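Undergrad: Here the sequence shown is numbered in the numbering used here, starting from 1388 and rising by one per residue.
FYI, nobody ran anything at the bench for these hints, they're computed from the structure. Every value quoted in this text rests on a predicted model; they were computed, and no experiment measured them. A virtual CB, placed ideally from N, CA and C, is assigned to each residue, including glycine. Accuracy of the hints is not assured; some may be wrong.
[What the hints assert, rightly or not] Ranges between beta-carbon positions, derived for each pair:
1. Thr1843 / Thr1682: 17 to 27 angstroms
2. Asn1772 / Thr1516: 52 to 62 angstroms
3. Thr1516 / Asp1675: 22 to 32 angstroms
4. Glu1610 / Phe1556: 11 to 21 angstroms
5. Gln1757 / Gly1571: 21 to 31 angstroms
6. Gln1515 / Ser1664: 44 to 54 angstroms
7. Gln1585 / Val1446: 39 to 49 angstroms
8. Asp1748 / Gln1883: 47 to 57 angstroms
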Amino acid sequence: MAKRIILFFTILGLIVTACSRQEAATAVPQSLATETAAAATPIPSPTPKPTATAQPTPVLPSISVADQPLTDDGEITIAGIVSPQPGWAVVYAMDDAGELGQILGTAPVETGVNKALTLTIDPMQASQTMTAILHVDEGESGAFEYPDGPDIPLQWEGGLIADTFNLDFQVTLPNITVSAQEIGEDGLVTIESVTAPQPGWLVIQADDHGELGAYLGSAPLQEGLNRNLTIPIAWREGTPTLYAVFYEDNGRPQRLDIPGEDVPLTSNGQPVLEAFSATFPPDIYVLDQPIVDGTFEVERVISNGPGWLVAYFDDEGEAGLIIGSIPLKDGLNEQVKVEVLETAVTPIIHLRLHEDTEPGDDFDFPRVDQPILYQDRLPQTVTFNTEPGNYLVVADQQRQPDSSSIIIPLAVVEEPSWLVIYTDDDGRAGEILGQAPLSLGINRDVTVEIDPDKATETLIAALHLDADEIGKFEPGGPDVPLQRNRRPVQVPFLWQE
1388 MAKRIILFFT ILGLIVTACS RQEAATAVPQ SLATETAAAA TPIPSPTPKP TATAQPTPVL
1448 PSISVADQPL TDDGEITIAG IVSPQPGWAV VYAMDDAGEL GQILGTAPVE TGVNKALTLT
1508 IDPMQASQTM TAILHVDEGE SGAFEYPDGP DIPLQWEGGL IADTFNLDFQ VTLPNITVSA
1568 QEIGEDGLVT IESVTAPQPG WLVIQADDHG ELGAYLGSAP LQEGLNRNLT IPIAWREGTP
1628 TLYAVFYEDN GRPQRLDIPG EDVPLTSNGQ PVLEAFSATF PPDIYVLDQP IVDGTFEVER
1688 VISNGPGWLV AYFDDEGEAG LIIGSIPLKD GLNEQVKVEV LETAVTPIIH LRLHEDTEPG
1748 DDFDFPRVDQ PILYQDRLPQ TVTFNTEPGN YLVVADQQRQ PDSSSIIIPL AVVEEPSWLV
1808 IYTDDDGRAG EILGQAPLSL GINRDVTVEI DPDKATETLI AALHLDADEI GKFEPGGPDV
1868 PLQRNRRPVQ VPFLWQE
């Protein structure tokens, strides 16, 4: 019995041991599998190729403007602009030489693509061909600072970003209608009509070798159509060609400020004006003067057609015999020198205009070359005094910075003389500041160099004799002041800033 019990427990022990080994054998593969997986060498993956860093595409600046109409609103459209930075689209007029003119308008530009930009210009300042240029915005943001600032044209590869375009003008253009006319002694000029896009002035100006000359007269213009204007002018300063010029009213309202803020209105880059021919009453302007070396000088003569200026001696207040003549061209003749028979000169000389019946030939009177008639009558002769004494004509003048020059418009002397500039000492001649020699007869626009540091606001111009050593100024000696009616020949004038 004891042996059976021992055998039973022995078998049971073997079974338990076998089960334990079976469990251990089952668990081991899991443990090994786990360890094997952890220790296994992974299959190598392909090494990825490095990817290049993306580079931004550079912005190529450009500007594009199409030909377009221009109307009264002055609107300009720029089709497109590509800019690498903030900037400005700037529209320029072009001058007659095809060069850039004035800036007429600007519009801000953003970085990148800008489409259909619009800006406004003055249609009266526009030229037929315009240019748009891309500028930078380097100064105060949003403020266009050029040319007195840093907002210069953008430079790209050594050039400008620009485009030219043409305008089809569809604006109400100013217009002046005036005809050739005869101007009488009342000096009235008739203008048929003026179409004015804005209030302004119509100014009549003389011709100065093809340029606008002296101002002769003016009339105000209202916006719109102005008809049948009558403008009185200083006809004795007129020329055979006159200009009717449209001026803007930029200065004081209803006051003509020229030269000054009121400037000619321009259209298509050109002043709005109309030239016309004018004839005038026969006219002679001459100064009293001595006869110098058998010659005298006439300031200006207006001749309607080729003619002759003829000098007569005085015969008891009437024109006597002819003592000299000089041919004239059609229109304005200035500073005409006339030689006369000096032994026949009288204190009064008469001047008259004659026809030039056969231009190019010598003066032939009385056979031809008769005195001209005006309105079917013989004009009165013009006279001058050949014994006028010595005299001066001065004008107030503006003192320019760093200037030491005084200009005296006219000095007429009968003997060698000096023009002397004095300071003003309570209405009397004070210290001498400078002097200039004078020639016999008429001296125009005499320049005198002075000491500006000693100058007073009022200066005095005086005449001195040039005695003893000619050309050497001796104020404390023989070069005494010249007198007229026992008074020194001296005239005050202003010289101030």
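Undergrad: For each hint, tell me whether it holds in the structure or not.
TA: Cross-check of the supplied hints:
Hint check: Thr1843 to Thr1682, Cβ distance near 39 angstroms, so the stated range 17 to 27 angstroms is violated. For Asn1772 and Thr1516, the hinted distance range of 52 to 62 angstroms is satisfied, since their beta carbons lie about 60 angstroms from each other. Judged by the Cβ atoms, the range 22 to 32 angstroms given for Thr1516 and Asp1675 is violated: they are separated by roughly 56 angstroms. Restraint check, Glu1610 to Phe1556: a C-beta distance of roughly 19 angstroms satisfies the suggested window 11 to 21 angstroms.
For Gln1757 paired with Gly1571, a C-beta distance near 22 angstroms keeps the hint of 21 to 31 angstroms intact. Range check, Gln1515 to Ser1664: Cβ separation about 29 angstroms, and the 44 to 54 angstroms hint is violated. Distance hint check for Gln1585 and Val1446: the Cβ-Cβ separation is about 43 angstroms, which falls inside the suggested range of 39 to 49 angstroms. Take Asp1748 and Gln1883: their Cβ atoms lie about 55 angstroms apart, and the range 47 to 57 angstroms holds.
Violated hints for the displayed structure, listed by number in ascending order: 1, 3, 6.
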